[in-house]
Amino acid sequence: MIINHPLLGPRDAQEFTYLGDAALINRPDWQAEDAAEQFYAYQYLRDNPAGEHRELWFHEGGDRSWLVVTRNTVTHEISNVELARDVARSQGRSK
Amino acid sequence: MRYSGFRVIKEALTGHKGWTPAWRDPEPQSAYDIVIIGGGGHGLATAYYLAKKYGEKKIAVLEKGWIGGGNVGRNTTIIRSNYLLDGNEPFYEMSLKLWEGLEQDFNYNAMISQRGILNLIHTDAQRDAFTRRGNAMILNGADAVMLSTDQIKAEYPFLNVNDARFPIKGGLAQRRGGTVRHDAVAWGYARGADSRGVDIIQNCEVTGFRIEQGACVGVETSRGFIGAKKVGAAVAGSSGRLMAKAGMRLPIESHVLQAFVSEGLKPLLPGVITFGAGHFYCSQSDKGGLVFGGDIDGYNSYAQRGNLPVVEDVCEGGMAILPAIGRARLLRMWGGIMDMSMDGSPIIDKTHIDGLYFNGGWCYGGFKATPASGLCFAHLLATDTPHEVATAYRFDRFQRGYMIDEKGMGAQPNLH
Ligand SMILES: Cc1cc2nc3c(=O)[nH]c(=O)nc-3n(C[C@H](O)[C@H](O)[C@H](O)COP(=O)(O)OP(=O)(O)OC[C@H]3O[C@@H](n4cnc5c(N)ncnc54)[C@H](O)[C@@H]3O)c2cc1C
Numbered sequence: 000m001i002i003n004h005p006l007l008g009p010r011d012a013q014e015f016t017y018l019g020d021a022a023l024i025n026r027p028d029w030q031a032e033d034a035a036e037q038f039y040a041y042q043y044l045r046d047n048p049a050g051e052h053r054e055l056w057f058h059e060g061g062d063r064s065w066l067v068v069t070r071n072t073v074t075h076e077i078s079n080v081e082l083a084r085d086v087a088r089s090q091g092r093s094k
Numbered sequence: 000m001r002y003s004g005f006r007v008i009k010e011a012l013t014g015h016k017g018w019t020p021a022w023r024d025p026e027p028q029s030a031y032d033i034v035i036i037g038g039g040g041h042g043l044a045t046a047y048y049l050a051k052k053y054g055e056k057k058i059a060v061l062e063k064g065w066i067g068g069g070n071v072g073r074n075t076t077i078i079r080s081n082y083l084l085d086g087n088e089p090f091y092e093m094s095l096k097l098w099e100g101l102e103q104d105f106n107y108n109a110m111i112s113q114r115g116i117l118n119l120i121h122t123d124a125q126r127d128a129f130t131r132r133g134n135a136m137i138l139n140g141a142d143a144v145m146l147s148t149d150q151i152k153a154e155y156p157f158l159n160v161n162d163a164r165f166p167i168k169g170g171l172a173q174r175r176g177g178t179v180r181h182d183a184v185a186w187g188y189a190r191g192a193d194s195r196g197v198d199i200i201q202n203c204e205v206t207g208f209r210i211e212q213g214a215c216v217g218v219e220t221s222r223g224f225i226g227a228k229k230v231g232a233a234v235a236g237s238s239g240r241l242m243a244k245a246g247m248r249l250p251i252e253s254h255v256l257q258a259f260v261s262e263g264l265k266p267l268l269p270g271v272i273t274f275g276a277g278h279f280y281c282s283q284s285d286k287g288g289l290v291f292g293g294d295i296d297g298y299n300s301y302a303q304r305g306n307l308p309v310v311e312d313v314c315e316g317g318m319a320i321l322p323a324i325g326r327a328r329l330l331r332m333w334g335g336i337m338d339m340s341m342d343g344s345p346i347i348d349k350t351h352i353d354g355l356y357f358n359g360g361w362c363y364g365g366f367k368a369t370p371a372s373g374l375c376f377a378h379l380l381a382t383d384t385p386h387e388v389a390t391a392y393r394f395d396r397f398q399r400g401y402m403i404d405e406k407g408m409g410a411q412p413n414l415h
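The listed protein sequences correspond, in order, to chains A and B. So in numbering that gives the first Met the number 0 the end of the first sequence lands on 94, straight run, no missing numbers. So in numbering that gives the first Met the number 0 the end of the second sequence lands on 415, straight run, no missing numbers.
Hints are computed from structural coordinates only; laboratory data are not their basis. Among the hints, erroneous ones may be present.
Stated by the list, open to error - To list a few chain B residues with every Cβ distance to chain A over 12 Å, as calculated:
| hint | residue |
| --- | --- |
| 1 | P20 |
| 2 | K57 |
| 3 | G100 |
| 4 | R132 |
| 5 | S194 |
| 6 | T220 |
| 7 | G236 |
| 8 | H278 |
| 9 | G297 |
| 10 | A319 |
| 11 | R331 |
| 12 | M341 |
| 13 | F397 |
Claimed, not checked - Where chain A lies over chain B, by a calculated footprint (3+ residues, C-beta under 8 Å):
| hint | stretch |
| --- | --- |
| 14 | 75 to 87 |
| 15 | 402 to 415 |
Where is the CB? At the ideal position from N, CA and C, for every residue including glycine.
Working from the sequences, and respecting the hints, build out all of it.
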């Protein structure tokens, strides 16, 4: 698989390590009433879809950026690559 | 029809006209007592034990393709019970004992061969870990023995004991481990279940669950609605997408694992070897092919095929430990979809929906579990209580902090 890095261009997926579903960006609020329940779901439960999947890849053998890659789990086709920080910021995760 | 040596001779003398199909091809009935989803090893074994041991009537196995087309026919056929943790070892040891009597039990030749499995040791730390594992195995009634480098040299003369990075410093052997003809396991259980009245319905995909007032009353399928008092899902790599139809999110990710077979060779490996440090394991089939594999590819996949980097990684591991493999040509390679759980251990449990039961999370090691998984799932379906060796395989263990994490990797399925 070739991951089209937004800054570096096409890179071999071998340069990356894989974390999992990009929903892991959305860390629950630890002060919420049901924080324990939310963290359980966050840590252990997955949508695990057959088809389009947004997922976190870390460019360990490269610029060490985190990417959100949209990839089809049935065909392995990659349709979109974004910097994870852009995704997180657009969701109001950081200033 | 019972199979026997006498029967083979009789048929040989009478032109082989008496053989009948090993199982029927029935039309689905409108309702069953118990419907099992998935005609892999686990689903078929469950149906077999439900009918044979628990005396259940009116059972169907629904398979979207043909039986044995999933992981039960794609694995590298290794059986063993060399686990460390309490939640696992009694279960896998019971499974190995069931394998030992299985061919007589279901009257089918599954070519079960207890040729032994050897985990190679390269460092002191690994020796400590394997010694501890061997002791845990013995405490649970399994067999385990530590081998020296010289013993390994004598048994496996083709291994590279002097690799610069990973010299072989010994090994943990389980003599009762070995290999099985994997498709024959599906066929043997199918035949045994069918002869006890179980309907095995192929080309019948479950597309949804009918849930009324919190209880599952049947399944929607590509061949129409089928009612059921109880529904058990045993679909391995498809667990996530099937259970999503019941609104469930599972502690499971689907990943692809590849396997490889070389051309047939003269006897080279007497048993199974695992070279964990190099991500490589290998055995030799009765036809002479080297059957080998390594790690999962490491990203979510439902594709049943992997990518080349893992091929390279596996072959490098093979060259390091078994250099002779470099002269063998590769005949076939393929992939299967693993139901990788969050702690690397399986789930056999009720769901929060009445009448809906789940069996999955087998990762890359569910073939060896087939007999025990079938028996324990049958026990749960028939009695509504977990089998005594499967009490740890609950859904809520993640929430309650009772993970069974053999590798100590945490909730990172691609590392288990
Ligand atoms: C390459 C590879 C090597 C392996 N090596 C080993 C090994 O050496 N030792 C070991 O112990 N384990 C090994 N495994 C793991 C083992 O094969 C699996 O854990 C085990 O086979 C899973 O259980 P099963 O046989 O029931 O699965 P499967 O045979 O996959 O059965 C599941 C069935 O469910 C069906 N299904 C799915 N969705 C639906 C639906 N909606 N409706 C109806 N039917 C459906 C599928 O078609 C399939 O036939 C390996 C796996 C692979 C891929």
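Legend entry - Residues of the stretch 75 to 87 of chain B with Cβ under 8 Å from chain A, three needed, outcome: Answer violated; 0 residues pass the 8 Å Cβ test.
Legend entry - Minimum Cβ-Cβ distance from A319 of chain B to chain A exceeds 12 Å: holds, 19 Å
Inset, instruction - Classify the label on M341 of chain B as holds or violated, using whether its beta-carbon is more than 12 Å from each beta-carbon of chain A. - result: violated, 5 Å
Legend entry - No chain A beta carbon within 12 Å of P20 of chain B's: Non-interface label stands for P20 of chain B: nearest chain A Cβ at 33 Å, farther than 12 Å.
Legend entry - chain A versus F397 of chain B - minimum CB to CB distance exceeding 12 Å, so not interface: violated, 4 Å
Inset, instruction - Grab the minimum beta-carbon distance between R132 of chain B and chain A and tell me whether it stays above 12 Å. - result: holds, 26 Å
Inset, instruction - Test the statement that T220 of chain B is away from the interface with chain A: the closest C-beta pair must be farther apart than 12 Å. - result: holds, 18 Å
Inset, instruction - Report holds if the minimum CB distance from G100 of chain B to chain A is greater than 12 Å, and violated otherwise. - result: The claim holds: G100 of chain B sits with its nearest Cβ about 36 Å from chain A, beyond 12 Å.
Inset, instruction - With a C-beta cutoff of 8 Å, work out whether three or more residues of the stretch 402 to 415 of chain B approach chain A closely enough for the coverage to hold. - result: holds (count 4)
Inset, instruction - Examine each Cβ of chain A, and state whether all of them lie more than 12 Å from the Cβ of G297 of chain B. - result: violated, 5 Å
Inset, instruction - Quick one: work out the minimum CB distance from S194 of chain B to chain A and report holds if it exceeds 12 Å, violated otherwise. - result: holds, 35 Å
Inset, instruction - Measuring Cβ to Cβ, find out whether K57 of chain B lies farther than 12 Å from everything in chain A. - result: At about 31 Å from chain A, K57 of chain B clears the 12 Å cut-off, so the statement holds.
Hint check: violations occur at hints 7, 9, 12, 13 and 14; the rest are consistent with the structure.
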